[in-house]
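S.K.: Quick mapping for you: the protein sequence lines, in order, are chains A and B. Start counting the first sequence at 323; every next residue gets the next number (the working numbering). Start counting the second sequence at 323; every next residue gets the next number (the working numbering).
Where hints are given, some of them may not hold.
Since the list gives no way to pick one copy over another, a pair counts as held whenever it fits inside one copy or between any two copies.
[What the hints assert, rightly or not] In silico SDA-like links for lysine to any residue, alpha-carbon gap of 25 Å or less:
(1) K517 - W372
(2) K754 - E572
(3) K570 - M387
(4) K468 - N490
(5) K570 - Y370
(6) K543 - N501
(7) K539 - H585
(8) K630 - W753
(9) K570 - D759
(10) K570 - L757
(11) K573 - W753
(12) K579 - G430
(13) K725 - Y528
(14) K468 - Y627
(15) K726 - P600
(16) K573 - S760
(17) K722 - G349
(18) K609 - T462
Simulated from the structure, these hints should not be mistaken for lab results. Values in this document were obtained by computation on a predicted structure and should not be read as measured data.
So you can see what is in the structure, the chains are spelled out below.
2 protein chains.
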Amino acid sequence: MTRVAIIGAGPSGLAQLRAFQSAKEKGADIPEIVCFEKQSNWGGLWNYTWRTGLDEYGEPVHCSMYRYLWSNGPKEGLEFADYSFEEHFGKPIASYPPRAVLFDYIEGRVKKAGVRDMIRFNSPVRHVTYDDEEGVFRVTVKDHEKDEEYTEDFDYVIVASGHFSTPNVPDFEGLDAFNGRVLHAHDFRDALEFKDKDILIIGTSYSAEDIGSQCWKYGCKSVTVSHRTAPMGYKWPDNWEEVPLLQKVEKNTATFKDGSQKHVDAIILCTGYLHHFPFMAEDLKLKTNNRLYPVNLYNGVVWEYNPKLMYLGMQDQWYTFNMFDAQAWYARDVVMGRIDLPSQEEMHADIDHWREVEDNLEDDYAAIRFQGDYTMRLMALTDYPDFDVSESNEAFFQWKKHKKENIMTFRNHGYKSALTGTMAPEHHTPWKDALDDSLESYLQTES
Amino acid sequence: MTRVAIIGAGPSGLAQLRAFQSAKEKGADIPEIVCFEKQSNWGGLWNYTWRTGLDEYGEPVHCSMYRYLWSNGPKEGLEFADYSFEEHFGKPIASYPPRAVLFDYIEGRVKKAGVRDMIRFNSPVRHVTYDDEEGVFRVTVKDHEKDEEYTEDFDYVIVASGHFSTPNVPDFEGLDAFNGRVLHAHDFRDALEFKDKDILIIGTSYSAEDIGSQCWKYGCKSVTVSHRTAPMGYKWPDNWEEVPLLQKVEKNTATFKDGSQKHVDAIILCTGYLHHFPFMAEDLKLKTNNRLYPVNLYNGVVWEYNPKLMYLGMQDQWYTFNMFDAQAWYARDVVMGRIDLPSQEEMHADIDHWREVEDNLEDDYAAIRFQGDYTMRLMALTDYPDFDVSESNEAFFQWKKHKKENIMTFRNHGYKSALTGTMAPEHHTPWKDALDDSLESYLQTES
Numbered sequence: 323m324t325r326v327a328i329i330g331a332g333p334s335g336l337a338q339l340r341a342f343q344s345a346k347e348k349g350a351d352i353p354e355i356v357c358f359e360k361q362s363n364w365g366g367l368w369n370y371t372w373r374t375g376l377d378e379y380g381e382p383v384h385c386s387m388y389r390y391l392w393s394n395g396p397k398e399g400l401e402f403a404d405y406s407f408e409e410h411f412g413k414p415i416a417s418y419p420p421r422a423v424l425f426d427y428i429e430g431r432v433k434k435a436g437v438r439d440m441i442r443f444n445s446p447v448r449h450v451t452y453d454d455e456e457g458v459f460r461v462t463v464k465d466h467e468k469d470e471e472y473t474e475d476f477d478y479v480i481v482a483s484g485h486f487s488t489p490n491v492p493d494f495e496g497l498d499a500f501n502g503r504v505l506h507a508h509d510f511r512d513a514l515e516f517k518d519k520d521i522l523i524i525g526t527s528y529s530a531e532d533i534g535s536q537c538w539k540y541g542c543k544s545v546t547v548s549h550r551t552a553p554m555g556y557k558w559p560d561n562w563e564e565v566p567l568l569q570k571v572e573k574n575t576a577t578f579k580d581g582s583q584k585h586v587d588a589i590i591l592c593t594g595y596l597h598h599f600p601f602m603a604e605d606l607k608l609k610t611n612n613r614l615y616p617v618n619l620y621n622g623v624v625w626e627y628n629p630k631l632m633y634l635g636m637q638d639q640w641y642t643f644n645m646f647d648a649q650a651w652y653a654r655d656v657v658m659g660r661i662d663l664p665s666q667e668e669m670h671a672d673i674d675h676w677r678e679v680e681d682n683l684e685d686d687y688a689a690i691r692f693q694g695d696y697t698m699r700l701m702a703l704t705d706y707p708d709f710d711v712s713e714s715n716e717a718f719f720q721w722k723k724h725k726k727e728n729i730m731t732f733r734n735h736g737y738k739s740a741l742t743g744t745m746a747p748e749h750h751t752p753w754k755d756a757l758d759d760s761l762e763s764y765l766q767t768e769s
Numbered sequence: 323m324t325r326v327a328i329i330g331a332g333p334s335g336l337a338q339l340r341a342f343q344s345a346k347e348k349g350a351d352i353p354e355i356v357c358f359e360k361q362s363n364w365g366g367l368w369n370y371t372w373r374t375g376l377d378e379y380g381e382p383v384h385c386s387m388y389r390y391l392w393s394n395g396p397k398e399g400l401e402f403a404d405y406s407f408e409e410h411f412g413k414p415i416a417s418y419p420p421r422a423v424l425f426d427y428i429e430g431r432v433k434k435a436g437v438r439d440m441i442r443f444n445s446p447v448r449h450v451t452y453d454d455e456e457g458v459f460r461v462t463v464k465d466h467e468k469d470e471e472y473t474e475d476f477d478y479v480i481v482a483s484g485h486f487s488t489p490n491v492p493d494f495e496g497l498d499a500f501n502g503r504v505l506h507a508h509d510f511r512d513a514l515e516f517k518d519k520d521i522l523i524i525g526t527s528y529s530a531e532d533i534g535s536q537c538w539k540y541g542c543k544s545v546t547v548s549h550r551t552a553p554m555g556y557k558w559p560d561n562w563e564e565v566p567l568l569q570k571v572e573k574n575t576a577t578f579k580d581g582s583q584k585h586v587d588a589i590i591l592c593t594g595y596l597h598h599f600p601f602m603a604e605d606l607k608l609k610t611n612n613r614l615y616p617v618n619l620y621n622g623v624v625w626e627y628n629p630k631l632m633y634l635g636m637q638d639q640w641y642t643f644n645m646f647d648a649q650a651w652y653a654r655d656v657v658m659g660r661i662d663l664p665s666q667e668e669m670h671a672d673i674d675h676w677r678e679v680e681d682n683l684e685d686d687y688a689a690i691r692f693q694g695d696y697t698m699r700l701m702a703l704t705d706y707p708d709f710d711v712s713e714s715n716e717a718f719f720q721w722k723k724h725k726k727e728n729i730m731t732f733r734n735h736g737y738k739s740a741l742t743g744t745m746a747p748e749h750h751t752p753w754k755d756a757l758d759d760s761l762e763s764y765l766q767t768e769s
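In isolation and in its complexed conformation, chain A is listed as follows (with noise of 0.2 Å):
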């Protein structure tokens, strides 16, 4: 019997999970399943831990998620098409939830759909080779329940571990003599340990962003933003100041590449993180930044040199759930024999073409058009449920135009479904003054 190892059961791995029993659930044959799954529970990002560096089984801890993240863009961007918010909570509910909602939305549907038996929890993949001459891949895996390592076989590997959890982290001149804590974004958990401290965060991506934006929240001191290239350029609040890049930091002083100086008590690095795939063997390995079309990946799935190998949600994402749902539907009709793969000539063709259209790409209002395209195409080729992508690009536009309005206040708005055309609610406390993120607030219908 066909045998398929999922890596990884976070968004994108549930998402191949619940793509294989759909088509179980419609009467197809599928092949045998197991998904490997280094955390003790699924959700991958989305599985709180306050655990930072390493595991208690000394494994690097996969999570990079914090207390009281809400969503930084419209759950109508994100919404899996064939489940959706409406269905799960029983009731349209806000915009922008925080992560124990979303946490409890992904699980539902994989509870639903009840693919728990086909994960084998604590079980990291310690390296994934491939036999030329058997034309299979060998995986070998530690079991930290049993605290074994063992190998099996497999004619598919699906690698879904996600890119959000190794962090890349640059020095700076005197970090090593700082007077206070330095840490990745990946290793922060609790905004009120930053309460009345002068903050510096270097970058100026999305944690940089929503990083800020909590401890601000939160009551820190002041928030300073240095950059390397430009400004985030948001109406930030008074305590709150983009500089340009950090030269040095003496003791508790950062001096910046203007000749500006700045006490902080404490520095994050919000400096993005690294693909990185230690357990792949070098010719199976994906190396790639981040970016809408990564090189090797055919259908920004399929590893060109070994089509039996393929990666989900290795994109820079505007889309996520519902493309890794789109990707999923897909890799498993390749596995099934639904979906006819060309040469591999014509494949790489295919990227580079992708790849230049990216390359050409005037503005984010382009490149999220050009990620709903890309599901679009991916979902024409399977029987994941249609959705109205432009009504999801139309999400995004306005969520783009309220964080310009408003850094503070852009997560008060809702948007329409795309899935059940239904107006989210607004929700019953503006974000800021909605210090309780827990899942029985969020859904409180009245504050």
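Assemble the complex: chain A is given as a structure, and chain B must be docked to it using the hints.
M.R.: Just chain B now, kept in the frame of chain A:
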């Protein structure tokens, strides 16, 4: 030619390089040696970095070192028998050197020996297996400089990667909602982060004692140390308290097993380390707790099931650098055929014998003598220079007495070198007032 892989270039790995180089110096033909080091420099734990969690290549950070660390035991207990402190510094120095001074000393010997070109830096070992048919080890290594993985064969493997780098991190109720930083000692870097804070330390190990003392020295508001079995029982300062095991935290309130409560701003888990060798195949992997005589290692070094595999420094440690030396000289002589090993059954029986002796040791004084005797037995088997172990034992006994007298002044004492017979001078400034931990400051003759 015989090929030997050494994993790690910390005190143990460097001892191994020095052992081979010293044989060569005396005219022997030595095997080809390759030392793989994950970090970009040698020194192991003594190579300080501000980094925590994962490093610039996504590798777990090896460093558990923190700023302002002074040796917590007398240097007279760890002096290299072939390279005295007096030879290195050109004069007698005080007994509890800060990190930079010890790093300089460690580096001095290997610089003089000229062994650096045997080391491949930025090269974590990914996978070690043994090929029974060919009788060689397959060692797979990541070269981060070239971003390539490669595999080479070796006749011997010597694991010297340490066991104070992978934290043992237990969970406690409420940590996931604690309003402040929770960290393991492994991630502790600068005590000034905790100035004016109420800190809670879990554990009674050296880390607990020393990190608490550091935080006290650098101005934390209070230290609370929570123990599982028994308090450390030193005469602590007024703002230092020992309490039973932590039961739970709610927001910033910690509750202990006796029902007492305390406000805490940060929680530091000083809960020890794991022997962790994810890169070793299951049948080659040492699995032990932290004890004086680990399982499966003949003479504390030789893997009984395959004597071409050796482990250095895997003991719980009173003795350190000089014990690693004795082990490295012994391992060298096993590799070079100067020492014959008994049968596996005899090795196993011998290991069992010493483990039983260990199990019946009465107290710390007996444990120190046990490890001193072990080191002497090894030394007698090789040409490692003899030193007067009873003198080193004596330094440890005095040290324990001085700690008991006053835990905040013990580092002001000096001891006699077992090598040179010189009595260490007093340091120019009492430890608690010496805030500058630089090499320059420490070596000043007058304050």
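S.K.: Using 25 Å as the alpha-carbon threshold, which applies to K539 and H585: within, between, both, or neither?
M.R.: Result: close both inside a copy and across copies, 20 Å intra and 23 Å inter.
S.K.: Are the CA atoms of K517 and W372 at most 25 Å apart within a copy, between copies, both, or neither?
M.R.: For K517 and W372, both the intra-copy (18 Å) and inter-copy (23 Å) Cα distances are at most 25 Å.
S.K.: My question is about K725 and Y528: at a cut-off of 25 Å on alpha-carbon distance, are they close within one copy, between copies, both, or neither?
M.R.: Classified as within; 12 Å inside a copy, 50 Å across copies.
S.K.: Reference check for the pair K573 and S760, CA-CA at most 25 Å: within, between, both, or neither?
M.R.: Classified as between; 15 Å across copies, 38 Å inside a copy.
S.K.: Between the shortest in-copy and the shortest cross-copy C-alpha distance, which are at most 25 Å for K468 and N490: within, between, both, or neither?
M.R.: between (33 Å within a copy, 17 Å between copies)
S.K.: I want to check one pair: K630 and W753. Are their C-alpha atoms no more than 25 Å apart within a copy, between two copies, both, or neither?
M.R.: neither (45 Å within a copy, 63 Å between copies)
S.K.: For K570 and Y370, with the copy left unspecified, which applies at a CA distance of at most 25 Å: within, between, both, or neither?
M.R.: between (33 Å within a copy, 18 Å between copies)
S.K.: Reference check for the pair K726 and P600, CA-CA at most 25 Å: within, between, both, or neither?
M.R.: neither (39 Å within a copy, 47 Å between copies)
S.K.: Should K468 paired with Y627 be assigned to within, between, both, or neither, using CA atoms and 25 Å as the limit?
M.R.: between (35 Å within a copy, 22 Å between copies)
S.K.: Checking K722 and G349: alpha-carbon separation at most 25 Å within a copy, between copies, both or neither?
M.R.: Close neither inside one copy (43 Å) nor across copies (73 Å); limit 25 Å.
S.K.: 25 Å Cα cut-off: does K570 pair with L757 within a copy, between copies, both or neither?
M.R.: This pair counts as between: shortest inter-copy Cα distance 22 Å, intra-copy 35 Å.
S.K.: When no copy is named, should K570 and D759 be tagged within, between, both, or neither for a Cα gap of at most 25 Å?
M.R.: between (36 Å within a copy, 21 Å between copies)
Of the numbered hints stated above, those contradicted by the structure are hints 8, 12, 15 and 17, listed in ascending order.
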